[in-house]
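Please construct the entire structure, taking both the sequences and the accompanying hints into account.
Here are the chains, one letter per residue:
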Amino acid sequence: MVEIARNVDPDNHALYEGVPAADHRLEMLRQLLVGGEISELSRVTHLLDEPEQLATAVGNVLPEATARASHAQLGEALAPAVERAAQRSIQKNPNTLTDILYPVFLPAIRKSIGEKIDQTFQSLNESLRHIFTWHGLKWRFEAWRTGTSFSAVVLKHSLVYRVEHVFLISRASGLLIAHVTSQDATSEDPQLISSMLSAIQDFVKDSFKEKENSGLDTIRFGELRLWSEVGQFATLVAVIRGNPPEELHEVIRDVLLRIHQESSRALERFDGDSSQLPGVETQLQTCVELQHRDSKEGFPWLVLTAVLLVLIVAGGWSFLSWQSAHRWQTYLSRLAAQPGIVISDQEIRGGDFYVAGLRDPLAADPRSLLPGTEVDPARVHSNWQFYQSLEPQFVLKRLSASLAPPDSVRLSVVDGRIVAEGDATTTWIDRARAAAQQLSAGGPVFDISGVRDVSAEERWQAYVSQLETQPGIIVADHNVRDGQFYITGLRDPLAADPRSLLAGTQVDPARVHASWQFYQSLEPQFVLKRLTASLAPPDSVRLSVVNDRIVAAGVATTAWINRARAAAQQLSAGGPVFDISGVRDVSPEERWQAYVSRLEAQPGIVVAQQNVRDGQFYIAGLRDPLAVDPQSLLSGTQVDPARVHASWQFYQSLEPQFVLKRLTASLYPMDKVRLSIVKGRIVAEGEAPDTWIDRARVAARQLSEGGPEFDISKVRDVSPDARAAEHWQYYVSRLEAEPGIIVAQQSARGGDFYISGLRDPLAVDPKALLSGTQVDPARVHSQWQFYQSLDPKFVVKRLTASLSPPKSVRLSIVQGRIVVVGEAPAGWISRARAAADQLSADGVVLDLSQLSELNLAELNQLREAIQTTDIFFSSGRVVPGPEQTPVLDRLADQLKEFAENAHKAGVTARFMLTGHSDTTGRETANASISAARAETVRALLNKRGVTPELLQVRGAGTFEPAVPENENSRTGNSTNRRVSVTVNLE
Amino acid sequence: MLQKKICMLGGFAVGKTSLVRRFVQSIFSENYLTTVGVKIDKKSVAFPDKTVDLILWDLAGEDDIGSFRVSYVRGATGLVLVADGTRPATLAVALTLRERCEAEFGAMPFILLFNKSDLTDRWAISEGEIDELKQRGWQIYLTSALSGEHVDDAFRQLASMVAN
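Line by line, the protein sequences are chains A and B.
Quick note on numbering: the working numbering labels position 191 of the first sequence as 438, and the sequence is numbered without any gaps.
Quick note on numbering: the working numbering labels position 6 of the second sequence as 59, and the sequence is numbered without any gaps.
These aren't lab readings, by the way, just hints derived from the structure by calculation.
Being a predicted model, the structure only gives us computed values, none of them experimental.
Take these hints with a grain of salt, some might be off.
Per label pair, the in silico range of CB-to-CB distance [unchecked claim]:
id: 1; chain 1: B; residue 1: F158; chain 2: A; residue 2: F468; range: 31 to 41 Å
id: 2; chain 1: B; residue 1: R209; chain 2: A; residue 2: F455; range: 34 to 44 Å
id: 3; chain 1: A; residue 1: F468; chain 2: B; residue 2: S179; range: 50 to 60 Å
id: 4; chain 1: B; residue 1: F158; chain 2: A; residue 2: I559; range: 54 to 64 Å
id: 5; chain 1: A; residue 1: F468; chain 2: B; residue 2: S97; range: 55 to 65 Å
id: 6; chain 1: B; residue 1: A142; chain 2: A; residue 2: R357; range: 47 to 57 Å
id: 7; chain 1: A; residue 1: R505; chain 2: B; residue 2: S97; range: 24 to 34 Å
id: 8; chain 1: A; residue 1: G469; chain 2: B; residue 2: F158; range: 55 to 65 Å
id: 9; chain 1: A; residue 1: G469; chain 2: B; residue 2: S179; range: 47 to 57 Å
Beyond 12 Å from chain A on every Cβ pair, some chain B residues (computed) [as the list claims (entries may be wrong)]:
id: 10; residue: D174
id: 11; residue: R189
id: 12; residue: R209
Using N, Cα and C, we set each Cβ at its ideal position, and we do this for glycine too.
Have a look at this one:
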């Protein structure tokens, strides 16, 4: 055992020295017991002792041992050796390791560098952008405070992006696995997009033979970026709007990695059925939720671009704006040179051109002047108010349009004046004169003195020849000189008044210069008139002209005969003979007796008693109402009615002739029935319809006892014809009763009816009266001549039409006279008066005594308010400032009210808007600016509903200042820059 | 959502594009065909139990087989082969294209369309030829992009083939 121990451990050799070494039995035993172990032990010992052998043995188990070793401990143990080894290797030959790692690192390095460069650029952009801004300063402070770099701070604050869509696309088929979208982001069909995206990936890969196991990294389109991250089985594409930080790549990569980790098998087997991958969308959603908060600042590159381009842009811009301004000025000067265009305001704002002003509708269209100026019409904003230019050529155009001069008149502009020459009628000249007056102070002179009034001369000739045919008027001489008419001659005071004959000839009485000498015409009819006037012959005396002699015949008092005799003597030698030999002288008693005997001879009058006492005449008796009025018989007898005292009792005379009269009145006998008295009997003869015969029979029976017999046996019944004739007669009588219809002739022949006569156009239509008369219209042949009835009713109608009386005037007929009652303006009253004069010649009375001139007191107050209103302007402006708006509003209301009230009163109100200017500037400019102001105000009032026809405009320039202007004042008085209003009534 | 990638293959001017223009949902212009070489459309086919969205890859028709971008077919589950019934040569082109695809990606279901069936007076494919092809178990349709005849039937058939 000691031996064994000595062999196993050399140290034991020494310890157990005492044991004998060479005992072969022991040796043998040893061999028997542990011989195998000893040899194995010596092999192991040998193995351990021999380094080469040991290395081989450890080498055999090292991989296995390493695999089984605790990773942490192994790593810990190996790290220093590996590091040293790598160091050694690199020191020895760096290429070896580089070659080994090259395929591994290159893509990673490349990608990393790319992203780093992008980051750098981003931060550079942002830094540049914010260096000079307020934010820049703030952020610089933040960088200093937090110890981070300025660019990092800038990036942190300024990145703006939003992940709008995330697509997860199968790499194998390009089919969409999942898609999420941020709120309110829209896109086309995601299935199609994902397929197209992978098609494009394929396309790029194929086209450029790129073998790399990745897809398109970034697609950028404007603000939109597509970032894709390629995984083993699926590609994740994020659609980002804005400016994402490069770190986003890592986030996307993480999401894709997570999806692959969780659903690797499902992704690999994806066959288009997305229900196999349920949780994927939630993962994708995290990408969408990444969106960075919106910052109000956008626009990266802006400052950089501005810094780089500012000089170029500024230079270019100033050149361009100078050029466009120059062109604009050219255009403006072209405009300003145009007659009828006034530029009030112009400016260039934001590259656009604004021009405002006035233009005459007859002036050239400002837009038509644009071509050739190279000013872009789309950038021209013009605001033109229409006004009426007072430049002569425009006034000429307007006059040509409004006056419509006849061919014989020529209008032309001569030295700034408008001259009319030629021949024209008075009415045209009057209108031209009115137009000339209307042309305002600033306007050109309208000279119509060169127009000769032709119509007046013709009318004058007609008047003269009318005078020449008048008895009692002798025209000695007449001529026309400078539009004035001269006439001289003789006239009898009893002859027609030459002046009254003027009315209706339209010869202007003011231009007629007549010189008449009165004389007594010795023509018999004038002498007769004069005698009638001076002698006033009684009814019983009749004066007449017989063979140029004046003959008086009849009965007269002695006194009258004496006066007549004296007159006969006075008649001068050359005059006609006045023969009064036919006048018989009577005494009052004689005349009374003659009267009484006349009465007694009257049927139906029974004189019972008569006598004369103390120069008074008394008479009493009976009279039939149908008998003549005894009083009426007095006239012409020269018995003084005042001295006659009559006492008459009425009675019905049964004398046949009275009965006849009464029958005639009651029976309305027709034409064809004749009533006569035959031997004290009343006999009716002829033809009559049965109705008449019936009525006559009743009358015959009614005749009282003692009365004469009424014999109607001789009346033949002609009913049908007679009835028609009766109807016709009824119609005729209706016609005759109609005012304005005068039946001259009517007859019935062969069953047809003929009627002719006169009718007033205003009278009822005779045909219309036929209805209801049972007269067959087809059998009526009528022939009517029109005439003007003097029946007051018709005169009123005609007057209403011709005078068009205002509402405040009423025409009525009172006892055959036409009475005009009410209020009217003076102009109308004078026209009515002229009409009254004309009518009096026809015997119609037009009574104007109750017509009074219109009282305009109520209007006056309003007129005062209007006339004290002024619209004020800023210097050089033709458009009133906004502070004038309330004034304009009130003025418009007042004008409308005034015009309405005036219209109610039958007058037309016209308002003259007069523009004024201060004395600053040239006189001509002031004149036109004042007119332009008036025009503007007219336009503004028109806009507020004032009828433009009522508004007239004129420019007074500086001539009618409200406040006297100081010669030295340079700014001019603002009170004088105004438009005033005056009210005229027509 | 069940989608299947389908490639439409056919020679030049066989009417593939016309075929899909009226019957499918599309957002891309036909310019893609000439630029990218593919245009993607979608045809939804509804079955009682599900709806299959056929994502149709309309590959630019070229008679030159060599320039055919076979990579576009990767991941496809079915093919639509289109031939012009008035030009027998286009049938050969379609079949060759199919062979190329199958060589690359293995066999897959397909339908064969003889297009322009409205041009009967110029029809050049005999009934016999068609019957012979049908004998092989192929799904064959005579279609007209003009009238729409059988187009829907064809897509429905393909959808049922690829969905199972």
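Handout entry: 55 to 65 Å as the expected CB spacing between S97(B) and F468(A), which holds or is violated
Key = Since F468(A) and S97(B) have Cβ atoms about 28 Å apart, the given range 55 to 65 Å is violated.
Exercise for the section: Compute the least Cβ-Cβ separation between D174(B) and chain A, then decide whether it is above 12 Å. Expected result: holds, 38 Å
Handout entry: Range hint 54 to 64 Å (beta carbons of F158(B) and I559(A)) holds or violated
Key = holds, 57 Å
Problem - S179(B) and F468(A) - C-beta distance against the hinted 50 to 60 Å - result: At roughly 52 Å between Cβ atoms, S179(B) and F468(A) fall inside 50 to 60 Å, so the hint holds.
Handout entry: Hint check for F468(A) and F158(B) - Cβ pair distance inside 31 to 41 Å
Key = holds, 32 Å
Problem - F158(B) and G469(A) - C-beta distance against the hinted 55 to 65 Å - result: Violated, since G469(A) and F158(B) (Cβ atoms, about 37 Å apart) do not stay within the stated range.
Practice task
Test the statement that R189(B) is away from the interface with chain A: the closest C-beta pair must be farther apart than 12 Å.
Solution key: Check passes; 26 Å lies beyond 12 Å.
Handout entry: Cβ separation of R505(A) and S97(B), checked against the hinted range 24 to 34 Å
Key = holds, 32 Å
Practice task
Just tell me: holds or violated, for the beta carbon distance of A142(B) and R357(A) against 47 to 57 Å?
Solution key: Given range 47 to 57 Å: holds, Cβ gap about 48 Å.
Practice task
State, for the Cβ atoms of G469(A) and S179(B), whether the hinted interval 47 to 57 Å holds or is violated.
Solution key: holds, 56 Å
Practice task
Quick one: work out the minimum CB distance from R209(B) to chain A and report holds if it exceeds 12 Å, violated otherwise.
Solution key: holds, 17 Å
Practice task
Take the C-beta atom of R209(B) and the C-beta atom of F455(A), compute their distance, and say whether it sits inside 34 to 44 Å.
Solution key: The hint (34 to 44 Å, Cβ to Cβ) holds, given that R209(B) and F455(A) are roughly 40 Å apart.
Against the hints set out earlier in the document, violations occur for numbers 5, 8.
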